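Visitor: Starting from the known structure of chain A, arrange chain B on it as the hints suggest.
Protein sequence lines correspond, in order, to chains A and B. First residue of the first sequence: 30, per the numbering used here; consecutive thereafter. First residue of the second sequence: 30, per the numbering used here; consecutive thereafter.
No false leads were slipped in.
Same chains, same label: a pair holds when it works inside one copy or across any pair of copies.
Once the Cα atoms are required to be at most 25 Å apart in a straight line, the calculated SDA-like pairs of lysine to any residue come out as: (1) Lys185 with Glu202; (2) Lys357 with Ala321; (3) Lys132 with Leu208; (4) Lys187 with Gln197; (5) Lys469 with Pro181.
Everything labelled a hint here was simulated from the structure, so no lab data went into it. Values in this document were obtained by computation on a predicted structure and should not be read as measured data.
Protein chains: 2
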Amino acid sequence: MAWQGRASHMRTSLRRAAISRPSDIWFARGQSVISQPRSFSRITLAAGRSNVLSDFTMTKTPVIPSASQRALSTAAIRCLTPDNINSNVKAAKYAVRGELAVKAEEYRVNLGQGDKSLPFDSVIFANIGNPQQLDQKPITFFRQVLSLLENPLLLKNKDALRTSFGYQDDVIERAEKLLAEVQSVGAYSHSQGAPLIRESVAKFIEERDGFPADPQSLFLTGGASSGVNTLLNVICNGPDAGVLVPIPQYPLYTATLSLLNARCVPYHLEEQKAWGTDIGTIKKSLEQAKAAGTDVRAIVVINPGNPTGASLSPDDIKSVLDIAAEEKLVVIADEVYQTNVFIGEFTSFKKRLRELQQEVSGKYDNVELVSLHSVSKGMVGECGHRGGFFELVGFDPLVTAQIYKFISIMLCPPVIGQCLVELMVNPPKEGEPSHALYQKEYNGIRDGLRQRAFALYEAFQRMEGVECQEPQGAMYLFPTITLPPKAIEAAAAENRAADEFYCLRLLDATGVCVVPGSGFGQKENTLHFRTTFLAPGTDWVERIVKFHSEFMATYK
Amino acid sequence: MAWQGRASHMRTSLRRAAISRPSDIWFARGQSVISQPRSFSRITLAAGRSNVLSDFTMTKTPVIPSASQRALSTAAIRCLTPDNINSNVKAAKYAVRGELAVKAEEYRVNLGQGDKSLPFDSVIFANIGNPQQLDQKPITFFRQVLSLLENPLLLKNKDALRTSFGYQDDVIERAEKLLAEVQSVGAYSHSQGAPLIRESVAKFIEERDGFPADPQSLFLTGGASSGVNTLLNVICNGPDAGVLVPIPQYPLYTATLSLLNARCVPYHLEEQKAWGTDIGTIKKSLEQAKAAGTDVRAIVVINPGNPTGASLSPDDIKSVLDIAAEEKLVVIADEVYQTNVFIGEFTSFKKRLRELQQEVSGKYDNVELVSLHSVSKGMVGECGHRGGFFELVGFDPLVTAQIYKFISIMLCPPVIGQCLVELMVNPPKEGEPSHALYQKEYNGIRDGLRQRAFALYEAFQRMEGVECQEPQGAMYLFPTITLPPKAIEAAAAENRAADEFYCLRLLDATGVCVVPGSGFGQKENTLHFRTTFLAPGTDWVERIVKFHSEFMATYK
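The following block holds chain A by itself, in its conformation from the complex (with noise of 0.2 Å):
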């Protein structure tokens, strides 16, 4: 087993020099790529260790060597080996998909093998906003006209759609209007997305805003995801470039931040005020910054926040955008979970900005602004469809000419999923056929997450040595957990970060999946981990409670 024993061997240097240099490292390792100056990296020790054990435990399972691989596994005789690749890859973290994911879908794979020996007979994958895994059904109106779009030939029968199979005429509508379009979803877009479907993406933004959107400003993607790598690749032009990221944070953006080879410049969020914005703490971390030589180029906000589920004030918002006109900041607002909201009213950062540009007469006028959605989250949940868009306000016509070029290089964005985007930027109104039920099954699936949310944050308050904020957004809880000190030098005995440690514990006695606070970046001596509450039933909540008592009981 020469594979293992290298894995092995490599997870003990990773450690040491990750213990050895604690200052130094901040989500990243090797050539320091994000490394920050002392100052930013208190909090990062925990992190970094946790992250180095899950970037390479990772190859555990979900690529198992085969038997011919594993006697070819020295280094000498291949071009590419773990120490020669693009350091960048290997620095990037991204925790989501990491060990305690692979290790629950194991377990899933196992009880679905008949597996009697496990202590569960379900795997929670709570770990992951994706809704339609767990209970949520798809909207029924924007799946009917999906399916015309992939066989159009059953247009031919309107009337057996009708009778047989319920489809209401806005349906049909709707489909044919689409096919016109796009001509075969089979068939490539424009790069920037079909026309037809930023003009229906403006008009949303302006019923939402109030104020105009341009087509010609907006980009269709393949989910929020591939929008995000699009602007940083453009926006990073080297070593000293400089983001910032609010911690903890969803690690789409420093993982992409280490792909690029730039500098993750972090900016804690308030616990104590709901996981709100600080504009002190973010001016702070920026002149930080800026003395040790990094080129802060933007600030990213995402709100409602992932993993912390906290909803920005209009003046929270405001704040973000003084700093990005004051410094010249590009704002990438992070709006995928704008419908997700519980307390209070959803304000878009091109909302305030345009209020701002109406108020107060120059100051605002040079802010670049980009604002990202998508189709996974909200009541739509269609994450598996990749779909999703950015609006670019304030961008240089060059540049924006730049964006077009990069993401042309990779066609266009899947069709269909375009389509959905454009079903959920404007679904049935009322007075039209499929109105009724589309009312029905949205709010449905907006009570039933918030009864869940709240559900999950009352069995928190139950729980000794647990602090959870009061559910406001998105998909996510984001508890702290105060762990005792014997648990504490437990995890450290297995080289792991406590939180991870009490993660792992909690999906091997309970099969409940969720994904610690290092993952995404915590204070120093803090411990979180991040749940959605998509899952059904209170059962599984049940599981955590006790597991929690039991847990606190052995380590007190």
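Guide: Coordinates of chain B only, in the frame set by chain A:
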């Protein structure tokens, strides 16, 4: 019109740069991102100039700046300017969707709005392999299954599916099988692709090659382009890394190398040997690159060829594998046109490698090969669905694990596209109810493509100064054109490469859009264009013949 003024100024200064130091330019400019030693670059003067133009003239259309954007278009007030964005993005070239494509789309829109001023009544998009944009109908079995995956509620009335829509039992069974695997096409799948689908792909490869494939070494992708992006990201480990790329080539490769700030090491295909590979040429390029300090890590082979249409013989494939074995190069075999073969039979690199590993002890054991395939081409032609896969052979398991981590950052390829991959590799078999129709449709598309290819080839033979290799495979012909000196002078007066000048005049006169050879690379003092043979009918071919004759007369 400050914006247009600036764009024009930039074009002028870029042209000047290109003209003053032609020998450093290889599909690139600015920070000489993929500059080559002088010996490599004799071929590139025309290409460099043409691409500089198409890169920027592209800004004319698809992204039209709004009035408010133009008013703000002064660099000083923004963070992002064309001068300070990622220079690797700026350096990337992608002519397939450049100026000509944009102009053709404008003509199409104008004709649709009733414009009678143009000298043609339809635009023929022969610039891009996009079968369903033209005449090609999707294969019924595929789309019937996909319609059920999009709306599983249809399965509640199977009788109506059968009687009203002719859905056969194997359609229904396949849909149920795929749904059981993916749960919902709206859910994220395993990042590497749904396990059952990878098993189907492995079976397909085994049947094709006679050698087994390992589902764990298969990665489903969002089209082959996304796979190439993944692989080059992992392979290219710094500015000295180089990849051997055939010239002419599909520009995805040079564009992606530009984005990664890696080096393109061009090797010429032999037009006189039906665009085959020449081992001596490859070795010479490799040696020159090594002498210039390039760490050559991989060799790209596109088979059947794009843009050349060539189909490689088993001997050609062996000679590439020989070099790979001797020089420890990763072989990137772009085999997306594997079913588009008119002459002889397709031989996969994997099959040839396994044969050689059996025949010769030791020498080929260390070869790292990746083979890419796609649903976009062949008789499937489902570009808009963005489905594909790659197979890794001989990779170090820890490198494979890094590839897994890289792709997991983008979560998963489109799930409906994954399902279409399954249908492509596992179509109805003889004796199954949908087989007869499938076979009829498949053969109809195959025969149609063949007929069109030869009709176009014969038309080229009638044209003065045009030489074309006999059609062998893929979806393209790539004729040489010899233009009179006066035409070349007229092109130079417009600061255009002569082939670009020719293709623009062709578009303006006939509405037929093809891509100049300079978009793919060609030997110095040779001119070509690439045309697909997908468009139906012969009218458009006659348009080309008539235009060519008039063009030659004008510039005699």
